[in-house]
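2 protein chains.
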Amino acid sequence: MKDLPTPYYLIDESRLQQNLELIQRVREASGAKSVLALKCFSTWCVFDLMRQYLDGTTSSSLFEARLGYEEFGKEVHAYSVGFSRDDVKAVAAFADKIIFNSLSQLRQHHAEVEGRNLGLRVNPGISYSHFDLADPARRYSRLGVADKDALAEVAPLLKGLMFHFNCENTEVESICASLDTIGREYGDLLRRMEWVSLGGGLSFTQTGYPLERFCTALREFSRTFDVQVYLEPGEAAVTRSTELVTTVIDVVHNELDIAIIDASLEAHMLDHLVYRTTPSVAAPAAGPHRVMIAGRTCLAGDVFGEFGLAEPLRVGSEVRIADAGGYTMVKTNWFNGVAMPSIAVRRLDGTIEVVRTFGYDDFKRSLS
Amino acid sequence: MKDLPTPYYLIDESRLQQNLELIQRVREASGAKSVLALKCFSTWCVFDLMRQYLDGTTSSSLFEARLGYEEFGKEVHAYSVGFSRDDVKAVAAFADKIIFNSLSQLRQHHAEVEGRNLGLRVNPGISYSHFDLADPARRYSRLGVADKDALAEVAPLLKGLMFHFNCENTEVESICASLDTIGREYGDLLRRMEWVSLGGGLSFTQTGYPLERFCTALREFSRTFDVQVYLEPGEAAVTRSTELVTTVIDVVHNELDIAIIDASLEAHMLDHLVYRTTPSVAAPAAGPHRVMIAGRTCLAGDVFGEFGLAEPLRVGSEVRIADAGGYTMVKTNWFNGVAMPSIAVRRLDGTIEVVRTFGYDDFKRSLS
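Chains A and B, in that order, give the protein sequences. So the first sequence is numbered by the working numbering: it starts at 3 and just counts up by one. So the second sequence is numbered by the working numbering: it starts at 3 and just counts up by one.
Honestly, the hints are just simulated from the structure, not real lab data. Please note that a few of the clues may not be correct.
Any copy, or any two copies together, can satisfy a pair, since identical chains are not distinguished.
To be verified - In silico BS3-like pairs for lysine-lysine, Cα to Cα no more than 27 Å straight-line: (1) Lys366 with Lys91; (2) Lys35 with Lys161; (3) Lys366 with Lys76; (4) Lys366 with Lys35.
Extracted from the complex, chain A is given alone in its bound form (with noise of 0.2 Å):
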């Protein structure tokens, strides 16, 4: 890779494709379809590959709806938080289901697809997320629908519920609890639909999960009711697939050494700067040279975090950043006019494929 300039996102397909595996093993010993979010990755380069293991796309908004119609194939699933009246009648075009997430929004939106596979999201006031941003049955939450005399009322506009309801749940034991719960509180209303989204933020393809556990709730759940279970994985299908290759271009010393790579967190892994956490190097190694990475931008805190490594690093040095698949692509930016990651693929038979390059008329491009 000495002819691609740093920085960029370097997709794994291999790696991508163990994660891939895992979810088509779920799928033959649960039953449970999985369709890819595409608000967590949705670099449709790669889609060829993982529309072999996944049944279809999710997506939160039209333009994910027609991204997934155009360049996965298979099942759309399209919901959103806020359709307007033009977005559902565009989206009626891709979708197989329609996802509404609120009353109001069914009420004032199903005559205009009538005869369609419609769903509904429900807040089942249970959740699992580390982080109160991410918690859909936070306080005050507009995700989904909590009454539940008023989901009985307009089941028969329906044929499938979402419950969306965990962010990087990795615990098995709390999804098999949530799904008695969701059994014990909507068990009438899931009798009476063909299908149940249980949402993605499950952290099933990571090393260790007991995936026989997770299968067999999955399996009697799916059963009990009668209906379709699907998943939505968006960081499980590619979570350590890809990583961020930067070049170190300088290293100061501030009590201690700091190197500044060609990226930024805030541009180019901005959860990381919103949910304040640390990502993990991939290269060098651990070891024992201490040193703190920082971005390029002109932010303070545009810091990846205090790193010891197996080499210390000096202007030239390559520096990968692990795990730079889900949630990062989707919300870069181009603050400061920081050049952007290009985006390249190590495809199955190990070639690397340089797929996007971004240059100076992008950044011109994203403004007017």
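For chain A, the structure is supplied; the task is to place chain B on it using the hints.
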């Protein structure tokens, strides 16, 4: 504006001009030149107006410097936290002044730009910021050179120094005290320079700001050390000039009324999410009707805030978010694929011009 679909940013040139006239007054009364901080605002469709009142632009990357050169003209100050060698070569074609962030950057690159007007950023160890994230003198800061002996050593290579140490500083006494400190600590060095930039983050265009006191302090500083002073207004240049115009697409109730608008805090006014602050609503006016205003992405925390408004919000109501000019359009992103606000300008003669709309192809091209 019935023809322009929401959401859109509406930049009002008359309001912009009010700020620009204050900046010009400061120039006349203090001798301090002002260069627009493109990191805050780089929507070049209003540069024809801004150019008449400002001395040029300052930038944080090669792309911003080029934009300043191509679209603004006049003086181009090129700063970067980290220039690569290629950046330095390229930026030399545009820049009147090149400002390095560190001794190592200066040492690495000065031979490449010999004879040019070079500056160096100083970390004076003092700062004014309500946010640690944006505090350039925070612990482990990588922004600027703190070592005074080293500064004296490289002074022969330099024509100027940049002190950027404020963020949203509304207190004139604070800036006066800082100027005294800087004069006392760096006086000898300052006398060897032609220019000194005091950076941005000074809220001197806000209503009631004691401009005379400010100008006197700047003029005295400039005379004492015989330097041309530069200011780098960003927010001060565009404050109160721009609204984000949106439409309510749904109203739901969960303890309180929640109006969902066709925009997003994360995608379109990112800093409020990062800093956990709340924007103001420009319209409807303030009043007794309590409502939470939230965005249309799937993020639970995509919430603009709770407001009391003169009228209840209904589907179709227009909501204008105030002060949407600074640090907004420069960091929009395509999270959830929600529609990107267009950019419109109310020109001085009152006509409204739509200068940029974004569509599905822009979304798709942001990925690959």
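Violations among the numbered hints, reported as their numbers in ascending order
none
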